[in-house]
Amino acid sequence: QWSDYWRPFLPRLRDLFLAAQRGGGKRFLVAIAGPPGAGKSVLAHQLEWLSGHNILHPDIHSIALPMDGFHFPQPYLDTHTRKLADGSLIPLASVKGQIDTFNVPALHHQLNLLIARPPTMTWPGYSRITHNPVPDQYTINDAINLVFVEGNYLLLDRGRYAGIPQLFDLRIYLDIRS
Numbered sequence: 001q002w003s004d005y006w007r008p009f010l011p012r013l014r015d016l017f018l019a020a021q022r023g024g025g026k027r028f029l030v031a032i033a034g035p036p037g038a039g040k041s042v043l044a045h046q047l048e049w050l051s052g053h054n055i056l057h058p059d060i061h062s063i064a065l066p067m068d069g070f071h072f073p074q075p076y077l078d079t080h081t082r083k084l085a086d087g088s089l090i091p092l093a094s095v096k097g098q099i100d101t102f103n104v105p106a107l108h109h110q111l112n113l114l115i116a117r118p119p120t121m122t123w124p125g126y127s128r129i130t131h132n133p134v135p136d137q138y139t140i141n142d143a144i145n146l147v148f149v150e151g152n153y154l155l156l157d158r159g160r161y162a163g164i165p166q167l168f169d170l171r172i173y174l175d176i177r178s
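Residue 15 in our numbering sits at position 15 of the sequence shown, and the numbers go up by one each step.
Careful, some of the hints might be misleading.
[As the list claims (entries may be wrong)] Restraint-style ranges between C-beta atoms, simulated for each label pair:
1. Q137 with G25: 43 to 51 Å
2. T79 with A116: 16 to 24 Å
3. G97 with R177: 34 to 42 Å
4. S41 with G163: 49 to 57 Å
5. T79 with R177: 33 to 41 Å
6. G159 with L18: 17 to 25 Å
7. A106 with T81: 31 to 39 Å
8. P58 with R158: 34 to 42 Å
What the hints contain is simulated information worked out from the structure, not anything from laboratory work.
We treat Cβ as the ideally placed atom computed from N, Cα and C, and that holds for glycine.
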């Protein structure tokens with residue numbers, strides 16, 4: 001039963017939701033980062049479910065959003081390259097999922113829009129069937145006051161990713177070890 005699973009975490013989760021509620025009209029952004037398979041998507045969607053069912057607080061309205069929608073489209077990855085240490089070039093498609101295969105300026109722009117809180121905005125998703133981003137898959141309206149964004153590189157703070165972690169009010173890193 002879900003309540004048995006979440007019971008040890010409820011005090012911390014209530015603190016999270018109360019912090020979001022005290023935001024004074026500001027959206028509370030939570031980054032959930034970690035390696036592939038760490039459970040980022042599962043955690044984000046479980047937290048969204050808890051708030052959507054008014055389990056922790058009725059005034060919290062949340063959404064879980066993936067970073068995957070910021071993958072460059074496959075045609076871009078097929079036609080752009082990365083230079084290796086030996087000077088050879090490889091197509092970005094062969095390293096899809098690594099830090100240089102994401103449209104980081106678009107991610108940065110969308111995160112700033114979340115913070116600015118326009119009346120309505122959209123967010124891209126990702127198709128595991130076509131292996132391409134899906135523009136405008138998610139719609140975020142003004143009532144959304146808690147946003148969980150999950151992705152591998154949300155806490156990376158160098159290169160094109162510099163400054164992205166600071167856009168979040170709470171940063172969670174999931175570490176998996178065998």
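Results for each hint:
Distance hint check for Q137 and G25: the Cβ-Cβ separation is about 26 Å, which falls outside the suggested range of 43 to 51 Å. The supplied range of 16 to 24 Å is broken by T79 and A116, whose beta-carbon atoms lie about 33 Å from each other. At about 21 Å, the beta-carbon gap between G97 and R177 misses the expected band of 34 to 42 Å. Checked against the given bound of 49 to 57 Å, the beta carbons of S41 and G163, roughly 24 Å apart, lie outside it.
With their beta carbons about 38 Å apart, T79 and R177 fall inside the hinted range of 33 to 41 Å. Evaluation of the 17 to 25 Å hint for G159 and L18 yields a failure: the beta carbon distance comes to about 35 Å. A hinted range of 31 to 39 Å is violated for the C-beta pair A106 and T81, which are about 20 Å apart. Between P58 and R158 the Cβ separation comes to about 40 Å, which falls inside the hinted range of 34 to 42 Å.
Violation of the numbered hints given earlier is confined to hints 1, 2, 3, 4, 6, 7; the remaining hints are satisfied by the structure.
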